[in-house]
Structures are given as C-alpha cells and as structure tokens.
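Line by line, the protein sequences give chains A and B.
Everything in the first sequence is counted per UniProt numbering, starting at 1 for the first residue and increasing by one.
Everything in the second sequence is counted per UniProt numbering, starting at 1 for the first residue and increasing by one.
In case anyone wonders, no lab produced these hints; they're calculated from the structure.
Note that beta-carbon positions come from the ideal geometry of N, C-alpha and C, so glycine has one too.
Hints should not be assumed to be uniformly reliable.
Derived coverage of chain B by chain A (criterion: at least 3 residues anywhere in the stretch with Cβ under 8 Å from a Cβ of chain A; other residues may be distant) [unchecked claim]: (1) 13-24; (2) 61-74.
Within a straight-line C-alpha distance of at most 27 Å, the following computed DSSO-like cross-link-like pairs (lysine-lysine) qualify [to be verified]: (3) B:6 / A:6; (4) B:84 / A:181; (5) A:132 / B:132; (6) B:130 / A:132; (7) B:130 / A:130; (8) A:6 / B:84; (9) B:181 / B:84; (10) B:6 / A:130; (11) B:84 / A:192; (12) B:192 / A:195.
There are 2 protein chains.
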Amino acid sequence: MLESRKIAHLINSIGGFKSVSLIGTKSHSRNTNVSIFSSVFHIGANPALIDVIFRPSPPQRDTLSNILESGFYTLNHINESIYKKAHQTSARYDAAVSEFDAVSLTPEFKNGFQAPFVQESLIQMRIELKEKIDISINNTTMIIGEIVQIYIPEDCVSPDGFVDLEKANTITCSGLDSYHKTIQLARLSYAKPDKEITSLL
Amino acid sequence: MLESRKIAHLINSIGGFKSVSLIGTKSHSRNTNVSIFSSVFHIGANPALIDVIFRPSPPQRDTLSNILESGFYTLNHINESIYKKAHQTSARYDAAVSEFDAVSLTPEFKNGFQAPFVQESLIQMRIELKEKIDISINNTTMIIGEIVQIYIPEDCVSPDGFVDLEKANTITCSGLDSYHKTIQLARLSYAKPDKEITSLL
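With the sequences and hints as input, model every part of the structure.
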C-alpha cells in the first residue's frame, strides 16, 4: 500500500466518528446527483446552519458545482438498509450519469423544491446555500447552508426537541470506509459547577 | 421548556452523530484547561488538518483564548469510562479553576509540549494552531490546526492505517447531551463505477 494512502486512512479516522449523509442536487441541465459526504458539520442552531467541506477533486466536484449553480441541496440521513448503496455513490461516475440510477436509490421531489431528496432516508433536510468560504491552507471549499425544512418521523423527536437518531436507524462512519450503528449510553443532565450530573430518562 | 432550547436540541441533533473529544490547553498564567467539544472536524489528510468551531459565549472562551495565546492544544478521545467526567467539563467554571481538578481527570505533560493531554484518553493528539477564520454569518470562530503527533495504542491501527476506534473504546455523541458506543457494520471496498462493493474485514 502506498504510504500516502495509509496516511489518508489514518488521518481520516483519527478524528473520531463522523456524521455521514447523502447530498442531493440538480444541475442546470437537469441532471440529478446524489453523493455521500462525511464532512457535514453543525455550526449553529439559530440560524440553523451546517457546513460541508469539499475537496478540490472529483467526484465531489459535481455536487459542489450544482450547489453553486442552483443554491439548493438536500441532506439525507443514511440508515442501515442503504449504507452500501450510499457508499457506492462515491464512485467516479460521469457528470451525465445520475447516481440515483447507478446505485438504485429513489429521487424524491416534493413541495416544489428544486433538489432531489433520497426517498429511502427517514430524515431529510432542505438546505439553502448561504456562503462559500475558500480554505486556502489546503485548497478546500467550505459551503455554509441554512436548514430551511426538516422531514422526520414524529416518533423520532423527543418532547425537548432531541432527535433520537437510533430510532431513525441513522448510522455513523469512521475513516474512509467504515460504517457503524450505535447503542446509546445515556443522555446526561446540563452540567453546572458543584452539581453532579445525572442520566436523563 | 423554552422554544429556543427546544430548537437548540433539535438542530444540534438533526445533523447526525458527531465526534466528541476533550481539548486541553494552558494559559500564559499557567492555568490548565480541559473542555469537551463536539465541533471538531477533519478537513484534510495532507497536511493533517482539523478544525474546531467555537461559539461566541463561555465556557468555550477560555479554550479559545488559550489556543490563540499559546498556539498549541491537545485533542483527546473520550471513552466509555470518562464520558461523564468529560460532559462535566462543559459546566461554566471560573477561568482560574482547572477543569482537570474539578472533574478529576489527569493532566499529562510529555515530550516538552506546552499543552496538557488527558491521561485517561487512549488516543491523544498534539495540535498546532495554523489559522483562525471568523464566520461572520453566526459570529462563530473556526480554528484550523495541524496534527503534529499522534499517541495511539499500536493494536488500534490496522495495517492499512485505519484506526479501529471501537478497540480504543472511543465513543460518539448526538445533540447536546447524548453519548453512544458503536458496533461496526462493515468496512467497504473502494467504490468504482460498474464494480460491486464488497465488505473488507
């Protein structure tokens, strides 16, 4: 194995578990695109903002150019039944090929939104592009988007707003190719000095 | 419950599972600080870069000012035996209080590095500040750092460089207060068009 590939595996996994989701987009020429990303991060709740880091190389290029062209994209959680199809979207398909067809995922258009959702995802989000920040130090691009609509099964949301990702079968990933389901240890009470934390529920 | 708190829970958890780790720092006046962060993200393997998003408010303020003052910090994985102590570091202690003492975690100084590691962590990283980017849209600060040294048990690294986080007991989190251990589903082969993916061992 090439040393650079080994370093890529090491550094991609050393940071810990990551969220992993499918981003759905549509180009001006109406091609749909769906691609797996483990570089989607929550950056603030009010406004509800997420960022995505894009590497300079394909196949992420199609997703990035579609987002910049259209201003819209969808974020779709990956569950245990679709993670292999989701992983397959990372193959370098031609721009004219829709990964939806290539990996047999179902594009879903709803409420007049331009970008396709992934019908097999239980948790889907409609995102609007807000800002593009170039990170010159390693030639990556950060795209900040606002979550404008959330589709989620009602029984996956707790009374306090917490989303039960396990009930939605959402999985996590590590490194470039490892997928994991989870077992909740606890939810812990809000921490205050001189007060012992307790498990909620 | 206040509506804003409910939105905070919802938006903090809707993005999926997150890495969660402890950042260790030291101030000019030699106070040590350790604080839990679920906003640490991998942004590139070569150079090995991670970023951390800081909110404008305390208690994250001490960590941020120590990083900007000293240029150095440590990143320490959280395992099942210390996650409650790790959560407790999020309480708003005075700047003069070391969270190491307050929550009974052990600061570890080694190889002449200025910032303290968390001795109880099986995976530790030495980080050097590289760049500060202000994200004006929601008044947060992104700190980009380079991983300059990694401490990890040898048996947690696969021959291809992949880090077996489960062997290191590293956990993941969701939302503001939920902690989870993981069960690996599979590692999948590198995806190529017209080639079926297979499970790696």
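Practice item. Would you check the hint for residue 192 of chain B and residue 195 of chain A, treating anything up to 27 Å between C-alpha atoms as holding? Key: Not satisfied, since the Cα-Cα distance of roughly 53 Å exceeds 27 Å.
**Study point:** Straight-line alpha-carbon gap residue 130 of chain B to residue 130 of chain A, limit 27 Å
**Key:** holds, 25 Å
Review point. Is residue 84 of chain B close enough to residue 181 of chain A, meaning Cα to Cα at most 27 Å?
Key: holds, 21 Å
Practice item. Verify the proposed pairing of residue 181 of chain B with residue 84 of chain B, using a straight-line Cα cut of 27 Å. Key: holds, 14 Å
Exercise for review: Given the hint that residue 132 of chain A pairs with residue 132 of chain B, test it: the Cα-Cα distance must not exceed 27 Å.
Suggested key: holds, 16 Å
Exercise for review: Examine the region 61-74 of chain B: at least three residues should have C-beta closer than 8 Å to a C-beta of chain A.
Suggested key: With 0 residues closer than 8 Å to chain A, the region 61-74 of chain B misses the three-residue bar; violated.
**Study point:** Whether chain A covers the region 13-24 of chain B (at least 3 residues having a Cβ closer than 8 Å to its Cβ atoms)
**Key:** holds (count 9)
Practice item. Quickly compare the C-alpha distance for residue 130 of chain B and residue 132 of chain A to 27 Å and report which way the hint goes. Key: The given pair, whose Cα atoms are some 20 Å apart, holds under the 27 Å limit.
Review point. CA of residue 6 of chain B to CA of residue 130 of chain A, is that 27 Å or under?
Key: With a Cα-Cα distance of about 24 Å, the restraint between residue 6 of chain B and residue 130 of chain A holds, given a limit of 27 Å.
Check your understanding: Quick one, are residue 6 of chain A and residue 84 of chain B close enough, alpha carbons at most 27 Å?
Key -> violated, 34 Å
Check your understanding: Going straight from one Cα to the other, do residue 6 of chain B and residue 6 of chain A come out at no more than 27 Å?
Key -> violated, 42 Å
Review point. Given the proposed pairing of residue 84 of chain B with residue 192 of chain A, does the C-alpha separation stay at or below 27 Å?
Key: holds, 13 Å
Figure legend: structure checked against the earlier numbered hints; hints not met, in rising order: 2, 3, 8, 12.
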